[in-house]
Amino acid sequence: MSASRRLIGILLVMSITLAVGGCWDRRELQDRNFVMAVAIDVAEAGQKPGQGKQEAKTETFVQPHGDKRYRVSLQILKLAKTGGDEPKGGGGTTYVLSNTGQSLFEIVRDTLGQSSKSLYFEHIQAIVISEAAVRELGIKSIIDFFLRDAEMRWRIKVYITPGEARPIIAYAPPNKEAGGIYLANIARNHPKNIHVAGARTDLGNISVLLDNKADLIIPRMEMTGNVIKIRGAALFKKDKFAGYIDEQAVAGIKMIRATEKSAIITLPGDEDSEVVAFELFRHDTQLAPHVDGDNIYFTLDITMWGNVGEYQVLDRASKADDPAFIRRVEQKAAEEVKRIVLYGKDSCQSLGVDVIYFSRKLKAHHPKTWEKVKDDWDTIYPTIPLVVSVNVVINQLGEHK
Amino acid sequence: MTVSIMANLEVKDKMSVLQFGVVMAAIMLGAQFIGLPTQLVPQAGQLAWVSVILGGGLFFCATWVMLKLAALYPNSDPIEYLPRLLGKWLGVGAICVLVLLFLGVTWVTQNQFSRVLVFFMFDRTPTDVIIMSMLAVVAYCALQDLGTIVRVAQFTFFVSVAMIGAIWSVAIFNFQPENLLPFWTNKPIGVLQATLNTWGTYGGYEIVLLLFPVISQKRNNLVKVVGIGFIFITLISVIIVVVTVGVLTVETIKNESYPTLVVVRSVELPGTFIERLENYFLIAWIPLIFNSQALFVYMLAQIMSRLWGFADHRPWVLALVPLIYTGATLVDGLELMVLAGKVLTLLGLVFSLGIIPLVYLYAKWKNQGVTAGER
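Chains as they are written, first to last, in the working numbering: chain A, 1 to 401; chain B, 1001 to 1375.
By construction, these hints were calculated from the structure, which means they are not laboratory data.
Don't take every hint at face value.
Pairs of lysine to any residue, SDA-like flavour, derived with a Cα cap of 25 Å [stated by the list, open to error]:
id, chain 1, residue 1, chain 2, residue 2
1, A, Lys240, B, Lys1254
2, A, Lys140, A, Thr379
3, A, Lys372, A, Phe298
4, A, Lys192, A, Leu397
5, B, Lys1088, B, Met1304
6, A, Lys361, B, Thr1185
7, A, Lys229, A, Thr259
8, B, Lys1187, A, Glu371
9, A, Lys213, B, Glu1251
10, A, Lys368, B, Leu1181
11, A, Lys213, B, Ser1257
12, A, Lys332, A, His283
13, A, Lys117, B, Asp1123
14, B, Lys1187, A, Val291
15, A, Lys238, A, Ala43
16, B, Lys1088, B, Asp1312
17, B, Lys1068, B, Val1099
18, A, Lys213, B, Phe1175
19, A, Lys368, B, Ser1257
20, B, Lys1254, B, Gly1165
21, A, Lys261, B, Gln1176
Treat the numbers as computed from the prediction; the structure is a model and nothing was measured.
Work out the full structure: start from the sequences and follow the hints.
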C-alpha cells in the first residue's frame, strides 16, 4: 500500500470516528426546549397574575430536606410558529415555566415535569435575579449552578431587579424578538450608553471577581407596567448585596475603569437656555495608585476627544464655530467629567464597595504596601482620595455648525 | 543548510533532522497544554510563565544530555546499548522506567482526553467509547511504518497548530495585562516547584534516544533543531499561560477544571454565526492527541519488540491496545488522576535528570561505544 493511500486511510478513519461520536449524542432540534432566560426569585415571591394557590402548589415538588429557597422561572423558546389566534396578552415567541425548591439544579430537573421536551441551556442569554433572592444567601450560591454546567455560556448577562424577576422574563418584546435575546441585547448596547454598567458584568466576569474576593457591580433592571429598562446598578460587597447606585454613578465608575466607549455629556451653554451635548469619541484614561509614607492616594488622568453632538440655542446665532466658545465648552465638559467621576467614586466609597479598581491597582503596582494594608482595607478604602485631572478636546463640530 | 525540507516519500525507516524536530514537537504538544495553567498557576501564581521558560531551559538541557549519550552509540538504540553498558538487569531496568513512563502518559492522556470530550461535546457518550475510538485510529496509525507516521504527524501538527492558534488569538479581546502583575512574589520556591511540573508539558522529548539511530546521517544541525523545537513549545506554553492568567486571573484558574477552554469560551463574537468556540478548539485538539498518542504507541511497540526479539513492531501495537485501554479506564477519579500526574512527573524527572545523566557520565567514563566502527 502506498504511503499516500495509508495517509488517506488514516484521515478517513479519523473522520469516521468523529462522526460516530456525534451520532451517539444526536438530539434533534425539535426535541429540545431552548431556555433563553432564567429568573430567580425567593420561593415565596408573589404568584403569577391569575394563578390560584393550588396551581402554585402543583408547580413545586415534595422536598425531603430544608425549606423552599428559590423560585426558578425558565423562559423557553416557542419553536412552533406563533399563530394569529394567540390569546390576547399571551403573545410573543417564548413562554415561562416556574418551580420552587432549594437546589437550582433540582428545580430545573423537576421542571421537566411541566415540559414535553428536555430543557436545553446552550442558548441561555440572560439571568435576572431579584434583590430579595440575593439578600437571602448572597449571589454566589445562586450562580454556582450556572458556572458548573458545561451547557452554560460564559457571557450570559446577569441583572438584579428590585422587584420580582419572573415578570421581566415573561415580558414579550414589541419587536417579537425572543425575550432572552432582547434582555441580553439591552446590556450589549453599553458601549453607546454610559448609563449602563454592561462592561465586565457578565456571568464569567462575576465568577472571576468572586474568585478574587472582589466587589461586584451588576446592572439593575427595572420593570414598570410594560416598560423594561436598565437603570443604575447593584453593588455587592464581595458576595453580599450592598445597595443600588444611579446612572450618574455608573457613568463615573465607567470613566474610572475606562470601560466607556462613548458618552454624551450634557452641559449648560453660555446662556441659561442653552444646552450643549459633548459626544465622546475616544479617550485615554490612566488610573494610578501612589504611596507616600503611610498615605495612599490615586490619580486619574483622562483625556477625551469628541464632538459637539448637540447645541440647543434659542436664536439661530450659533457660536459653535467660535474658538473661544469651544474652549469654554471644553473646560465645562472637563469640569463635568470630573464631577461625574467624583460622584461615582463617592457613591462606591459610601457603600464601602470597591468596584473602581483601587485594591486591584494597589495590589498590582504596590504589592508590598498591599500586603500591609489588605487586612484593614475595608477601613482604609472609604477614605482614599482620588485626584482627578481631565482634559477635553473638541475636534469636530458636527455636520451643521 | 544541508537539511532537506521536502519529505522523501521513498524512505520509510529514516527521517531528516527537520522531520525529527516536527515529530518531537508533535509528541510534546499533546494533551497537556489544556491543563497547563492548572498545573503551574497554583504554585507559581502570575509568574507561571517564568516557570515555563525555566522548564524549557531545564528540559532542553536534559535532551542535550540524551543527544550526547545517543551520539556515543550512533547506530544503536538504548535497548541495545543500555544492557551492554549497565549489565542486563540495570539496563533493562532503565528501559522499563521509559516503558512505564510512556505507558503512564498514554493512560493519563486517554483518560483526560475522553473526560474533556464527554464533558464539553458528547455528554451522553461513555468515556470508554471515546477511548476505544481514539485507540482504534491511534493503533491503525502506529501499525504503519515510521515514514508514514512521520508524514501524518507533520500534516496534522501544522493544521492543528494553525487552527488552535487562530482560535486562541481571539482571547486577546478579554485579556487584561494587569492580571499578570505584580512582577514580584513572596513565594519564589513555588516558581521553582512549578518549573519541575512543566515536565508534563515538555515530556515526550525522550524519543530522541530511540529515534536517534534513524535520523539521517547529516546530524550536525540536530541540537539546533531540537533547540528550535523547544523554543516553539516554550513559546506556545508561555502564550497559553500568559493569556489564561490575563483573562481569568490566578484565583479563577485555581477554581477552574479546564481554564484554557474557559478562556476560549469567554469570547463572544457578536454578529457572527460562530458560537461556542471551545468546541472548535477541541476539534483542533483531537489531532494533536492523535499525533502524540500514535507516536507514543509506536515507540512503546518498538521498545517491546526489540526487548522480546521481534522483527516487527506490529504485533506489539495490537498487544498494547488492550493494555492502554485498561490503564486509561482504571486511572479514573480525581484523586487518582492527580496521583498519576505526580507519579509520572516524578518518573520523568528521575529518568531525565537522574538516570540519563548518570548513564552518560558512566558511558563517558568507561569510554564505551566510542569506537571507529560505531562512529
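(request) Could you tell me which of the hints above the structure violates, numbers in ascending order? (result) 19
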